[in-house]
Every structure is written in C-alpha cells, then in structure tokens.
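*Asks:* Sequence:
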Amino acid sequence: MSRQRLFGALALLTAVSCGLVACGTVQDSSSSPAAPAGAAADPAAFPAKIVHKFGTTTVQKAPARVVVVGTSSDDLDAALALGVTPVAFFTKSGSTEAPSYLKGKLDPAKTRIVDAANGVNAEEVGKLQPDLILATADYGLDQEYANLSKIAPTVGYATDWGAQTWQEHVKVVAQALGKTADAQQVIDSTQASIDKAKAEYPKAAGKTFTASVGNAPGKLFTLVSQKDFAVQLIQSLGLKLSPAVLDASKNEAGSPTGTLTPEQFDKVAADAVIIAFTSPDLRQAFESNQLVAPVKAGNYLVTDMETISALRYPTVYGIPFVLDKLKPVLAKLS
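Residue numbers -22 to -1, 1 to 312, in mature numbering (1 follows the signal peptide of the UniProt record, and there is no 0), belong to the letters of the sequence shown in order.
Any given hint could turn out to be false.
Below, computed lysine to any residue pairings styled on SDA-like, alpha-carbon distance capped at 25 Å [what the hints assert, rightly or not]: (1) LYS39 x ASP173; (2) LYS31 x THR143; (3) LYS197 x THR143; (4) LYS310 x LYS105; (5) LYS176 x TYR123; (6) LYS128 x PRO240; (7) LYS128 x ALA159; (8) LYS149 x GLY61; (9) LYS181 x HIS30; (10) LYS205 x THR143; (11) LYS176 x PRO306; (12) LYS88 x ILE129; (13) LYS149 x SER78; (14) LYS305 x TYR123; (15) LYS81 x GLN169; (16) LYS181 x GLN204; (17) LYS31 x GLY118; (18) LYS197 x ARG261; (19) LYS105 x ASP138; (20) LYS174 x GLY61; (21) LYS218 x ALA309; (22) LYS31 x LYS149; (23) LYS305 x ASN125; (24) LYS81 x LEU106; (25) LYS205 x GLY184; (26) LYS39 x ASN125; (27) LYS105 x ALA87; (28) LYS176 x PRO240; (29) LYS88 x LYS31; (30) LYS174 x TYR123; (31) LYS83 x ALA159; (32) LYS149 x TYR179; (33) LYS310 x ASP173; (34) LYS218 x ASP282; (35) LYS128 x LYS83; (36) LYS176 x ASP249; (37) LYS197 x ALA275; (38) LYS197 x VAL270; (39) LYS174 x GLU241.
Hints listed in this document are in silico derivations from the structure and should not be mistaken for laboratory results. Predicted model only: the values in this text are computed from it and were never measured.
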C-alpha cells in the first residue's frame, strides 16, 4: 500500500519532523544500527545502474558529494548507517531541525539541512556540486526529477512515493554508494532492535492496538490497513490491529487510514491505544468526549508527532527510537 494516499489525508501528519511539537527523549545509541566499520565503497560496484520510476540512473564512480532530498529521512538514515555523510539534506518536513533520533549521528557542521517544504530549489542544489542525489523518499519528485537529474545522477523511488520498505531504501542507497555488501549488516542490526523489543514483552503477543492522529476538529484519523508500514511494525512485536476500527470511513478507496467522528471515538479502544495530537485543544476535545472514558482507562499512550511520524515512516535509525517510545504501553501489556 502506497503511503502517498495517506499524504493528502493527514497533510503529512502536519509535518514529519519535531518542528511542530516538542521532541521526545533520544533512544540510546547502543541499540541503533552502527555504520560498518571501515566501510569503503567497492570500486567493482561501479558503474552502478539503478532502475526506478523515472528511468535508469548510472553512477559511474563512488560519490564524494551526496545530496539527499526527502519528505522523510529514509535515504539520509541509510547513508549515515552505511558510513557516508551527505553534504546536504533537503527536507520536505517543514523544519530545518534534524529528527531527534539522528542526534549524535548527523553532524550539522558537515550536513546542511535545507527547508524544501515548498519545493526543491534546483539552483541551490547545484551550488553544492553533488555527484549523487538520493531522492527515493521525495514526495513531489515527479515535478523535480527532470531538473535534479541535470545536476547529478538522481535516484528516485521504484514505483510510487512511500511504497518502498525501510529495507528496500537501505538496499537501493547501498547500491548507489557502492556498499551493497554492507547493506545486510545495517538491515540485520535494525531488525535486531525489533526482535529485542518483541522478546522483552512476550505477553504483548496477541493483544490488540490502534494507532491514530488527531489533527482536525471533530475527526480522528486511525490506521485501518494491514499493509500500512506502521501497522506492520507494531504487529512485528506480536500485537494485532483491533478489528473495531476496520469499519471506519475510509479517507479514499484503498487508503490505509480511516476517519472516526466524535460519536465513533470509542472504536479506538484496544489493549494498547497509541495516539498523537497536533494541539492541546484537539487532545482536550477528544478526551472530554464521554465515549473516550473506556479508552483512557486502558493502556492509553499519548505520544508526540515525531514519534507517530517515525512510526509511519520507519527508517533504520527511526525504528529503535520509536520502539523506545512505545515501551511504556508495551510494559503495561506484560
């Protein structure tokens, strides 16, 4: 299921980054993927030919100046985890602050963060003299690819924006960087953090959950698709999506989210309720609804938008971060 359909419904979750709300505590880096020690690009990997929606990109040699363009930090995370420091990250998140889960991993003195919420300025990209542009997580690339590809080899998403898994992002970035041999190490390290969380809370297995966002008056967006990446990540911990939300009004045909109105707010009740609000007023309106009392009486976790965004857009560094933020509700299930 493409995440592109969610984009319009949640208005990008009202900004992917923590610029909108206070960021949470940072996950201990010991459980985060480590860059392969001494990893250098394999000269034999070039020229690398990468097929994507916009054509075939050829990377002739190991890139020295990498620019990342993204609505989420998939490519940025993957490059950093593979031991490559991009010279810039053009972010569509609406913030020039790096996600808090990249603290200690991204050096702002080496990687410039540029606000590209209104579109990427190709001239500004060109001034950085990149020899590779990673844009597999760029919503709006269909309008930008022609100009970006004139500047440097540009790697786009395979089929649709938001359709690639975090593992696929790592693999395609590794191919472009000539580090295919290191990709599996990064993937395995991230998967280990998921397996560890599942092992720590075995009694969570079989328990139901819902995950929702309140970002509009009189509405609650809730996940309803088994194919959604956030649902898959939580279910990989042994939980299962509550069937009570499956009849929520779909935002559009095939959408991974549904809309609940105030008279339906009780449907989010589950063994674990995960929810974020974009303003205190929206939270108050939700919690003052008499149907919400049973929801609040259970394992009710109100988190911030950065955590929900990291859940919706899982990346190699975002996954350990969000698992850490989910520990309070997981612990209550054990």
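*Asks:* For each hint, tell me whether it holds in the structure or not.
*Replies:* Evaluation of the provided hints:
no.: 1; hint: LYS39 x ASP173; verdict: violated (36 Å)
no.: 2; hint: LYS31 x THR143; verdict: holds (16 Å)
no.: 3; hint: LYS197 x THR143; verdict: violated (29 Å)
no.: 4; hint: LYS310 x LYS105; verdict: violated (52 Å)
no.: 5; hint: LYS176 x TYR123; verdict: violated (40 Å)
no.: 6; hint: LYS128 x PRO240; verdict: violated (50 Å)
no.: 7; hint: LYS128 x ALA159; verdict: violated (29 Å)
no.: 8; hint: LYS149 x GLY61; verdict: holds (14 Å)
no.: 9; hint: LYS181 x HIS30; verdict: violated (42 Å)
no.: 10; hint: LYS205 x THR143; verdict: holds (11 Å)
no.: 11; hint: LYS176 x PRO306; verdict: holds (14 Å)
no.: 12; hint: LYS88 x ILE129; verdict: holds (21 Å)
no.: 13; hint: LYS149 x SER78; verdict: holds (24 Å)
no.: 14; hint: LYS305 x TYR123; verdict: violated (40 Å)
no.: 15; hint: LYS81 x GLN169; verdict: holds (20 Å)
no.: 16; hint: LYS181 x GLN204; verdict: holds (21 Å)
no.: 17; hint: LYS31 x GLY118; verdict: holds (13 Å)
no.: 18; hint: LYS197 x ARG261; verdict: holds (11 Å)
no.: 19; hint: LYS105 x ASP138; verdict: violated (29 Å)
no.: 20; hint: LYS174 x GLY61; verdict: holds (24 Å)
no.: 21; hint: LYS218 x ALA309; verdict: holds (16 Å)
no.: 22; hint: LYS31 x LYS149; verdict: holds (16 Å)
no.: 23; hint: LYS305 x ASN125; verdict: violated (44 Å)
no.: 24; hint: LYS81 x LEU106; verdict: holds (23 Å)
no.: 25; hint: LYS205 x GLY184; verdict: holds (18 Å)
no.: 26; hint: LYS39 x ASN125; verdict: holds (21 Å)
no.: 27; hint: LYS105 x ALA87; verdict: holds (17 Å)
no.: 28; hint: LYS176 x PRO240; verdict: violated (33 Å)
no.: 29; hint: LYS88 x LYS31; verdict: violated (30 Å)
no.: 30; hint: LYS174 x TYR123; verdict: violated (39 Å)
no.: 31; hint: LYS83 x ALA159; verdict: holds (21 Å)
no.: 32; hint: LYS149 x TYR179; verdict: violated (30 Å)
no.: 33; hint: LYS310 x ASP173; verdict: holds (19 Å)
no.: 34; hint: LYS218 x ASP282; verdict: holds (22 Å)
no.: 35; hint: LYS128 x LYS83; verdict: violated (30 Å)
no.: 36; hint: LYS176 x ASP249; verdict: holds (16 Å)
no.: 37; hint: LYS197 x ALA275; verdict: holds (21 Å)
no.: 38; hint: LYS197 x VAL270; verdict: holds (13 Å)
no.: 39; hint: LYS174 x GLU241; verdict: violated (39 Å)
In the structure shown, a violation is registered for the earlier hints numbered 1, 3, 4, 5, 6, 7, 9, 14, 19, 23, 28, 29, 30, 32, 35, 39, in ascending order.
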